[in-house]
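Between the sequences and the hints, there should be enough to build the whole structure, so can you do that?
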Amino acid sequence: MAESGTTPSSEADLVSGLRARDEAAFATLVDQWGPTMQRAARGHVSTDAVAEEVVQDTWVAVLRGIDRFEGRSSLRTWVFRILANTAKTRGIRERRTIPMSSLAGSLDAGPTVGADRFRGDGDEHPGGWKRFPADWPVGVTGEHRVLGEEVGGVVSSALAELPARQRSVVTLRDLDGLDADEVCALLGLSAGNQRVLLHRGRALVRSRLEDHFGDAARWGATP
Amino acid sequence: MSELTCEQLVELVTDYLEEALTPEARRRFERHTALCPGCDVYLDQIRITIAELGRLTPERVAPDARDRLLAAFRGWAAETR
Ligand SMILES: [Zn+2]
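As you go down the protein sequences, you meet chains A and B in turn. This note's numbering numbers the first residue of the first sequence as 79 and each following residue consecutively. This note's numbering numbers the first residue of the second sequence as 38 and each following residue consecutively.
Careful, some of the hints might be misleading.
Stated by the list, open to error - Listed next, the in silico DMTMM-like pairs over lysine to aspartate or glutamate satisfying Cα-Cα at most 25 Å (straight line):
hint	chain 1	residue 1	chain 2	residue 2
1	A	K166	B	E96
2	A	K208	A	D289
3	A	K208	A	E227
4	A	K208	B	E67
5	A	K166	A	D257
6	A	K166	A	D259
7	A	K166	A	D100
8	A	K166	A	E239
9	A	K166	A	D135
10	A	K208	B	D81
11	A	K208	B	E44
12	A	K208	B	E48
13	A	K208	B	E96
14	A	K166	A	D126
15	A	K208	A	E288
16	A	K166	A	D194
17	A	K208	B	D77
Claimed, not checked - Here are the simulated distance ranges between beta carbons:
hint	chain 1	residue 1	chain 2	residue 2	range
18	A	R174	B	E67	19 to 25 Å
19	B	A108	A	D91	20 to 26 Å
20	A	A187	B	R105	29 to 35 Å
21	B	A108	A	G143	51 to 57 Å
Stated by the list, open to error - Negatives, chain A to chain B, calculated, CB over 10 Å:
hint	residue
22	T125
23	R154
24	D289
Simulated from the structure, these hints should not be mistaken for lab results. We put the CB at the ideal spot given by N, CA and C, even for glycine.
Written out as structure tokens, the structure is:
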């Protein structure tokens, strides 16, 4: 889980560092928040390059405003609000020139587990599993249950496969550890849409893991 | 309220984990997973998936983007000091 904030005291140090034009303070913030900002920006615009420009523009705005920053919200909240506004504006401008279809596909309907996995209407148990999903070979590291190291590649390529909005939501929630409200604010989503994107994204990653392990049922397949 | 099918349950997993179900829907969900080994494993797989996503290392800021930001910072510092 990534670091998603700083303690108030170190945040105060960083604010005074920025005001003193201390490059190390700025570099700390860029390294700490940069990847999350990039992913949040990517949820609004169509390419990584444009998202990078959004992040750059955000930092420029932050520096221009830092001497007037009153600390009524945390530095992090303030920076991320500027980011959300910058990204939103850029996304709207972009959509005037780029067809919506390149950003669509995020709230598309359809089941997240194939209908062929379930029994049909004529069955005694319609909508029940034909074969149960198999247990995965989970090990335990410390207090955490984990799969083998090799699944890291499976998980990251599944993530890369997701439509941009789903990828942004899953990454911000599950890699960066932001909460639902924060992701809604950053990406301009309703609570319901945030959950739909999260649901579809996680389900795709799960199914890629299932493909990796094979779906042979441990509980006894229907002959 | 009729019981859930497995096919319906898998689409409610995120609402369940996000605590977005009504108390009655939540009870219905838990009643099903308690009795259905397939859905119990499915829910577990989703939890493992979330944990594995959390184990991915978030990437770093691209070095050239970082250099550009630090250059912008130095420019701003020189102009406004
Ligand atoms: Zn079931």
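Here is how each hint holds up against the structure:
no.: 1; hint: A:K166 with B:E96; result: holds, 23 Å
no.: 2; hint: A:K208 with A:D289; result: holds, 17 Å
no.: 3; hint: A:K208 with A:E227; result: violated, 30 Å
no.: 4; hint: A:K208 with B:E67; result: holds, 21 Å
no.: 5; hint: A:K166 with A:D257; result: holds, 20 Å
no.: 6; hint: A:K166 with A:D259; result: holds, 17 Å
no.: 7; hint: A:K166 with A:D100; result: violated, 30 Å
no.: 8; hint: A:K166 with A:E239; result: holds, 23 Å
no.: 9; hint: A:K166 with A:D135; result: holds, 13 Å
no.: 10; hint: A:K208 with B:D81; result: holds, 18 Å
no.: 11; hint: A:K208 with B:E44; result: holds, 10 Å
no.: 12; hint: A:K208 with B:E48; result: holds, 17 Å
no.: 13; hint: A:K208 with B:E96; result: violated, 40 Å
no.: 14; hint: A:K166 with A:D126; result: holds, 15 Å
no.: 15; hint: A:K208 with A:E288; result: holds, 16 Å
no.: 16; hint: A:K166 with A:D194; result: violated, 39 Å
no.: 17; hint: A:K208 with B:D77; result: holds, 15 Å
no.: 18; hint: A:R174 with B:E67: 19 to 25 Å; result: violated, 48 Å
no.: 19; hint: B:A108 with A:D91: 20 to 26 Å; result: holds, 24 Å
no.: 20; hint: A:A187 with B:R105: 29 to 35 Å; result: violated, 41 Å
no.: 21; hint: B:A108 with A:G143: 51 to 57 Å; result: violated, 19 Å
no.: 22; hint: T125; result: holds, 14 Å
no.: 23; hint: R154; result: holds, 16 Å
no.: 24; hint: D289; result: holds, 12 Å
Hint violations for this structure: numbers 3, 7, 13, 16, 18, 20, 21, all remaining hints satisfied.
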